[in-house]
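Undergrad: Required output: the full structure, derived from the provided sequences and hints.
Chains as they are written, first to last, in full-length UniProt numbering: chain A, 1 to 248; chain B, 1 to 248.
Any given hint might turn out to be false.
Across the chosen pairs, the derived CB separations fall in these ranges [what the hints assert, rightly or not]:
1. L154(A) to S193(B): 37 to 43 Å
2. S121(B) to L154(A): 28 to 34 Å
3. A56(B) to S146(A): 21 to 27 Å
4. E185(B) to S92(A): 33 to 39 Å
5. T88(A) to S208(B): 33 to 39 Å
6. S248(B) to Q211(A): 19 to 25 Å
7. Y178(B) to E185(A): 53 to 59 Å
8. F129(A) to Y167(B): 53 to 59 Å
9. E185(B) to P112(A): 49 to 55 Å
10. R72(B) to K197(A): 36 to 42 Å
11. L154(A) to D130(B): 38 to 44 Å
It should be emphasised that the hints constitute simulated quantities derived from the structure, not laboratory data.
Note that the structure is a prediction, hence the values are computed from the model and not measured.
Glycine residues also receive a C-beta, built at the ideal position from the N, C-alpha and C atoms.
Number of protein chains: 2
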Amino acid sequence: MPRVSLLPILLFYLIYTTGEVVSDHRKIRIDDDVYCESWRFSVETNDAGYWSTIPARCVQFVQDYMTGDQYRYDSEVVAENSVRFAKTVEISDSGSDGWVFDIDETLLSNLPYYQFHGFGSETFDEESFDSWVDLAEAPALPASLSLYKELKQLGFKIFLLTGRSEYQRNVTEKNLLYAGFTDWERLILRGPSDQGKTAIIYKSEKRSDLQHEGYRIHGSSGDQWSDLLGFAVARRSFKLPNPMYYIS
Amino acid sequence: MPRVSLLPILLFYLIYTTGEVVSDHRKIRIDDDVYCESWRFSVETNDAGYWSTIPARCVQFVQDYMTGDQYRYDSEVVAENSVRFAKTVEISDSGSDGWVFDIDETLLSNLPYYQFHGFGSETFDEESFDSWVDLAEAPALPASLSLYKELKQLGFKIFLLTGRSEYQRNVTEKNLLYAGFTDWERLILRGPSDQGKTAIIYKSEKRSDLQHEGYRIHGSSGDQWSDLLGFAVARRSFKLPNPMYYIS
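TA: Here's what the structure looks like:
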């Protein structure tokens, strides 16, 4: 009996008659997607709590999300929700109606940086990120820029509350102006006494200070739950998408 | 010159050479999916605020989500996150370590009801929903049942805090037992003095009462943000998915 390899015949049989190989491959892809979708759900709802880097099997998923239509459109829907609420606020003549914005991944997009750093799959490197910040070239998140302008027109005082430090004030202002943001009421950065605090405490304290000054914080926009929760929270909080990193 | 319809030739050309018809169709589908994904993001993050029924164009999307792998797996990941946190809690001998569960769409699934009521696209009908509740046949959400058992084994006291009313106590207990839940510490339903309150106030007050009794509420699980936010919040909150309805 001659030795005949059955493999090509078997493969042909599988592919031609049942499509099993194709659908097996598809099954693996779907499983990855289901896994990464669930991971993203747990991250965006804050269920996951602390995490350092994105799961290795979700790098492509996060890349596709961040560079595709979905991220842009998610941000637009957040802005729409924000405007809809903002229009229900009765703005007083006292100039005390405030809205708080985070900066990174809220007003400005660091996607040009993260595209070269694995979309959150690499351990955060402060040195290289600060070099990127120093360039002052982060583009605006388009939906947030429209929201920002609309809120100003409605009469809100805009407070920018960022985890960046005082030594980055100049480049931050430069970048904001470059990206099209103007006429904010105040830019709040971490001063010497804020160093070492978690973002959620630091930002709550600053919002509390604003309230003690007499401002009513109607809305707050941020890509991290630590921008939004804690104490002295805004009347309504708006969580922007960010599956690339977590700040506690 | 003979009259010749160019349509079949044109169609053949489009399909055969460029796949335009196919990808046009795909484009339309993708746009709907992108819209509904963004809508789901805004709902699950609480950005949307109050809403009454799901968008008409997302009925199929919500049906596919709720009856497919993703909903099940999302719930499993929430349970995994919950267990991971629960295992970090040092349980004291005093029996004062508590965990709060919502019931509907958290421990019990009303999917068999919503499957016949448009997956949240129909206006909520209290009468027909109460008839369904009276059957006491809602199945357990599998991931939550496993979590429930694991938390009990770890030594947590389980508090069930539901928007259902006292007159539904018997059927609720019956349904919980039928679905496999046993040995809860307390089942808290809306009494006469709780009627008319929003869920977020009612549930915050009840958690506050538990804290005044001396319980530490380490974790809280619910499909609505009104289960989790407000005051007297748990140390960690776990948001389960629910794109079918909103309770303020």
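Undergrad: Could you tell me whether the CB distance from Y178(B) to E185(A) stays inside 53 to 59 Å?
TA: holds (57 Å)
Undergrad: Given a hinted range of 19 to 25 Å, is it respected by the beta-carbon distance of S248(B) and Q211(A)?
TA: With Cβ atoms ~24 Å apart, the hint holds.
Undergrad: CB of L154(A) to CB of D130(B), is that within 38 to 44 Å?
TA: holds (42 Å)
Undergrad: With 33 to 39 Å as the target window, see if E185(B) and S92(A) comply at their CB atoms.
TA: violated (47 Å)
Undergrad: Can the suggested window of 36 to 42 Å be confirmed for the beta-carbon pair R72(B) and K197(A)?
TA: holds (39 Å)
Undergrad: That 49 to 55 Å hint for E185(B) and P112(A) (C-beta), does it hold up?
TA: holds (53 Å)
Undergrad: Using the C-beta atoms of F129(A) and Y167(B), is the stated range 53 to 59 Å upheld?
TA: Given a distance of about 58 Å, which is inside 53 to 59 Å, the answer is holds.
Undergrad: If you check the beta carbons of S121(B) and L154(A), does the distance land in 28 to 34 Å?
TA: holds (33 Å)
Undergrad: For the pair T88(A) and S208(B), does the Cβ-Cβ distance stay inside 33 to 39 Å?
TA: Once the Cβ atoms are compared, 29 Å apart, the range 33 to 39 Å for S208(B) and T88(A) is violated.
Undergrad: For the pair A56(B) and S146(A), does the Cβ-Cβ distance stay inside 21 to 27 Å?
TA: holds (26 Å)
Undergrad: Return holds or violated for the Cβ distance of L154(A) and S193(B) against the range 37 to 43 Å.
TA: Because 40 Å falls inside the window, the suggested range holds.
In summary, the structure is inconsistent with hints 4, 5 from the numbered list given earlier, while agreeing with the others.
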